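Trainee: Here the protein sequences come in this chain order: A and B.
Residue numbers for the first sequence follow the numbering used here, beginning at 1 and rising by one.
Residue numbers for the second sequence follow the numbering used here, beginning at 1001 and rising by one.
Hints listed in this document are in silico derivations from the structure and should not be mistaken for laboratory results.
Note that this is a predicted model, so its numbers are computed, not measured.
Treat the hints with caution; some may be incorrect.
[Stated by the list, open to error] Simulated crosslink set (DSS-like; lysine-lysine; CA at most 27 Å straight-line):
(1) B:K1047 <-> A:K62
(2) A:K113 <-> B:K1075
(3) A:K3 <-> B:K1024
[Said to hold, decoys possible] Some chain B residues near chain A, calculated using beta-carbon distances under 7 Å:
(4) A1016
(5) F1017
(6) P1049
(7) G1061
(8) L1062
Note that beta-carbon positions come from the ideal geometry of N, C-alpha and C, so glycine has one too.
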Amino acid sequence: MKKVIAALIVLVLGIFIFTNLYSTGEGKLFPKFGEVNLTERVSNSFVNKNVSENSGEIKFKKTKDAESGSANMVTSIVVNYRSFDTLGEVTVLFVSALGIGLLLSGNTRMKFKTPPNFILKTAVRIISGIILITGVYIFIHGHLTPGGGFPGGSMIASAVLLFYISDDEFKTKVKSFKVLEGTAGSLYLIFGLLGLSLGGYFLYNFLPTGTVGELFSAGIVPIIYIFVGLKVGSELSNLISDFLSEEGK
Amino acid sequence: MQIIEILVGIALLIFAFLAIESKKIINSVIYLSILSMLSVVSFIFMKAPDVAITEAVIGSGLVTAIFIFTLFSIKKVGDKK
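Next up, chain A with everything else stripped away, as it sits in the complex (with noise of 0.2 Å):
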């Protein structure tokens, strides 16, 4: 019977999303890429705002000095615009990391009850240095390609994860890693009040935005990302930390 209840409720769940993605009558609710009429939809008259005069095409590697110098629409719109929502992320993922710790922090480590064998210990030394800089690369590009701090951070905590799960006696200097999120954070911060004594308002792009598409753009959008990606990196390696450790013995 729960089986059956379980089944249904999936299978209701499956048909409605299925029905919406694929509509093709006039309550269309999810238009294929590409195909939307930006003219009915309400946000556009948000979208159409612009805070310098300057409102021409943007080209790739050639304009210079725009209004937000990403040429990732994503990273200008969380950075730039949405740059508060960052702030109260951040703060999320550190009050949660904080209750971890105090919950779970031991002095010793867990051992795991098959000891990791040679070749897994090889094989992660060569695929996490690959890892790290992927990670590395996703958060310093954050304005030119997809990615950004959050994904480049957590990328650089699955490599310390690699190395938890391969060696039995790994563990990370957790005191060098809380003075790394410590620092990055304070850094974000200082950012955003920079820009608000120069600018107004809180993380204000006071920096020159140069061409578009190239690596020293965007203004404050690169140096924001770094910080981000350096804090979730040490944040979520502690919190990887916190949970393989035992209390007591």
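Fit chain B to the given chain A structure using the hints.
Mentor: Just chain B now, kept in the frame of chain A:
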């Protein structure tokens, strides 16, 4: 392309059902991991690469590991009693 999207969607539904219904908790954690891996594919079909990267790292990597570590520590406390 639409056929692949629908196939991925049906596989998502099947794994969601298996994650609810499996008897062992560790199996349902693995089914959840497969579910988020498949949802990465569907996010890419919906042209949302930012969400796809985040889901690939957090949904199928870190969350699975944290669930499994929690299971380990629950079992250790249970063994002592």
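Trainee: Quick check: which numbered hints come out false for this structure?
Mentor: As far as the earlier hints go, not one is violated by this structure.
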